[in-house]
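Heads up: the protein sequence lines correspond to chains A and B, in order.
So the first sequence is numbered by this note's numbering: it starts at 1158 and just counts up by one.
So the second sequence is numbered by this note's numbering: it starts at -4 and just counts up by one.
Note that these hints are calculated values from the structure, not bench results.
Quick caveat: nothing in here was measured; it's all calculated off a predicted structure.
Possibly wrong hints are sitting among the right ones.
Restricting the straight-line Cα-Cα distance to at most 30 Å, the calculated cross-link-like pairs of lysine-lysine (DSS-like) are [to be verified]:
id, chain 1, residue 1, chain 2, residue 2
1, B, 320, A, 1247
2, A, 1642, B, 314
3, B, 314, A, 1314
4, A, 1586, B, 320
5, A, 1314, B, 320
6, B, 252, A, 1554
7, A, 1247, B, 288
8, B, -3, A, 1554
Some chain B residues flagged as far from chain A (calculated, every beta-carbon gap over 12 Å) [stated by the list, open to error]:
id, residue
9, 31
10, 33
11, 68
12, 273
C-beta atoms are modelled at their ideal positions from N, C-alpha and C, and glycine is treated no differently.
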Amino acid sequence: MRIGVDVGGTNTDAVLMDGARVVASHKATTSRDVTQGIIQAITAVLSAGDARAEDISAVMVGTTHFTNAFVERRGLQQVAVVRLCLPATKGLPPMVDWPEDIADAVGSHHYMVRGGYEFDGREINPLDEVAVTQAAQAIRSKGITAVAVSCVFSPVKTEMEERAGEILRAELPDASITLSSRIGRIGMLERENAAIMNASLATLSTDFVASFRRALSALNISAPFYISQNDGTLMSAEFVERYPVLTFASGPTNSMRGAAYLSGLQDALVVDIGGTTTDLGMLVNGFPRESSVAVDIGGVRTNFRMPDILAIGLGGGSIVRSEGDACQVGPQSVGYRLREEALVFGGSQLTATDVAVASGYADVGDARLVAHLQGDAVAAARGAIHRLLNDAVDRMKTSAVPVPVVLVGGGAILVRDAIPGTSEVIVPKHAGVANAIGASIAQVGGEIDKVYDYAQWGRQEALEDARSSATERAVAAGALPDSVKIIDLEELPLSYMPGQAVRVRSKAAGDLPL
Amino acid sequence: MKLTQENLKDLADGAAFLATGGGGDPYLGRLLAQHAVAEFGMPEVIPASALGDDDAVFTSAMFGAPTVLVEKVASGEDIDLSIRRLAEVVGRQPVAIAPIEIGGINSMVPIAAAARLGLPLVDCDGMGRAFPEIQMVTFNVYGVSATPAVVVDEHLETVIIETHDAKRAENLARAAAVQMGLSCMISCYPLTGRQVKDFGVHDTLSIALGIGEARRQGARRGDPIDAMLAYLRETRYYNHAKVLFDGKITDLRRETKGGYTVGRCEIAALDGSDDAFELIFQNENLVARNNGKTVAIVPDLITAVDRETGLAITTEALKYGQRIKVIATSAAPVMRTPEALAIFGPNAFGLQEDFVPLEVLNQDIA
């Protein structure tokens, strides 16, 4: 059996899974001490499922811990940035566009050295190894133990970043070193930012893993534990110590993966209706579609992979207001006070949940408390809720073809009518803990993002190279080689380039040997 | 007009609107300008009328591929050197810097150049929008040589180009740029004050700033697009301005041809009407058609904007499902003459139709 836990901003959800069967589930308010909260959730599902610690073969955790730490500038450490670039890119030094408070938290220790590549892999300059060594010595004398390494066009060729990493490791054996090519994509500043963010979380992630490991052993669970990444795959404890940034936005991802698992659908639109907001995302081959634009996290622009999520202000606690014939639902919400403020719970605020109960969609609270509502007003509110949702669904679709919709989250009760542009609407069993179930799915992945010249490679050979590189990375992350499948392959032709330059992104995922 | 660190974002957003879908990401251009200004101070912006007829004015621009610039940004010294070398070659010192185009990147690079060299920046350019090639410039249309031109890379290696015509200059500069890694700086079209006054598209930096400010202020009231249109209608050239279509992208096809991204975008109306709208682009938007009938065509400006924020969307960033409004405005009169149309009219982009002004195609236009 395995345990999946998803720690969100409001709730910590946990499930005990036996194969595909949900043995027990648990929902609690997220505690201040994240590790303690996870431990309580695990204890609760173990006892509810009547299971013993030795029955557990793996524990999977999704957490917003690192995202929150970065956004709130909590527990960040000083980072040295080594950029392999000169003489290019001097015009924009590292962290050039960071908000002041977070730049202060991370410090400004920048070392630009000769090196870097052209778009086609030629060297701008050979790597200046002496300068990297000198930078390492300066970093050591400042007592800094986290280093981010970036390099012009490192997604095209990673050798220089790897070599610089070796030199730094030799000089700074205790430092945590992040190579930008392991995290980010084409777009040097954004990739470098992602590497700096990651490095700034090094101590925090080491502490998190250590305290979690201690807590599990106190529960006598000796099974390995894994952390959810934002692409829907897992990483090992060792990996999260090195790449904490890849957990950012894993919450919505886990809900989507759980929805895929519960519904059996690989390609669908997932609508996760919570108390205040609704998150919509597209499942493609069972994984979330990724955002193609730069993402702002805590005021810092980055471009590492993130799920493409549309959040709208509609949830079970959304406040319903009527003015004449017009009816407005949300974005204001009573949020976690739903059980005190909604009419059906004896409160005085008309909410979307009251509308669902008055419409006979759901049996929550006391239906008599909404019996006085006018049929017309209820219908108008219902119409407004569906309009918000219909519009959001239409925005997320990538083609005119109707798609199936999987509804999860506590607010799924708000919706009953057909949604235009969809083929069916599925509300699976256990939809309320889809996120924890999503965390418990045991797959790991690998990806690459690289520019190929099709004139030189040939399209088929280039795509094959992209596929096999992604597969190799998935296997390196722990996937069973036979189980690895390519889940995404994207080609983007580049303008003004000679030959046929095409940027190719490829992604593979496979099962963990559990 | 006066530039500040704060209003550079408005200027970059307005420039992205005038870039008609091309011109690169305004984000990097703005960062380059902001960083240079933080170090060297904000340059003064002067109208072309403040120039003496015999003053030397040089242009400054990024040349290569915007998709490479996102990795390999300018060093700064390359910007200075392109201008210094051009001064040596022509034997005259520039008294001011002018943009050659108004795009997300090339409206900003001249700000960095003027800041670094301590020169004023002329409120004027050679397109009043963005175009993909060096010859597509008003100065070329009216007989000013594009060369000598100096192309510089980050190693501070230079290529000096001297050709008989501007298209040849484009071809040679392009060949050099490939070797230089497709992110270089160019200074071309060494101009006199008289030529700037006679052939430039004037006030385009002020107008870009005005568009950006109108959008931002309008967004606060919830009507960024109306605010932009109201502003455009008060300007000298872009005064014919119209929302051609309001809809959702329902089909998008792109391919690379001769180094350019060419494509076609279909947009369906949001109000449920059956109107079929299409946008044809080659880096920049070239022609817009409603039910097969042309409603705007190059060199008039056609820009897709996000229908909520009013921010311009580059042709590279168009996606299926996006909700957009397509806005067209008239180009400057200096860009609509027969000589100008021969260089950057519809036929120059392989379109088999002649230019018809926006206000003729749309009799209802304000």
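Original post:
What are the numbers of the hints that this structure violates, sorted from low to high?
Top reply: 1, 4, 5, 7, 8, 9, 10 and 11
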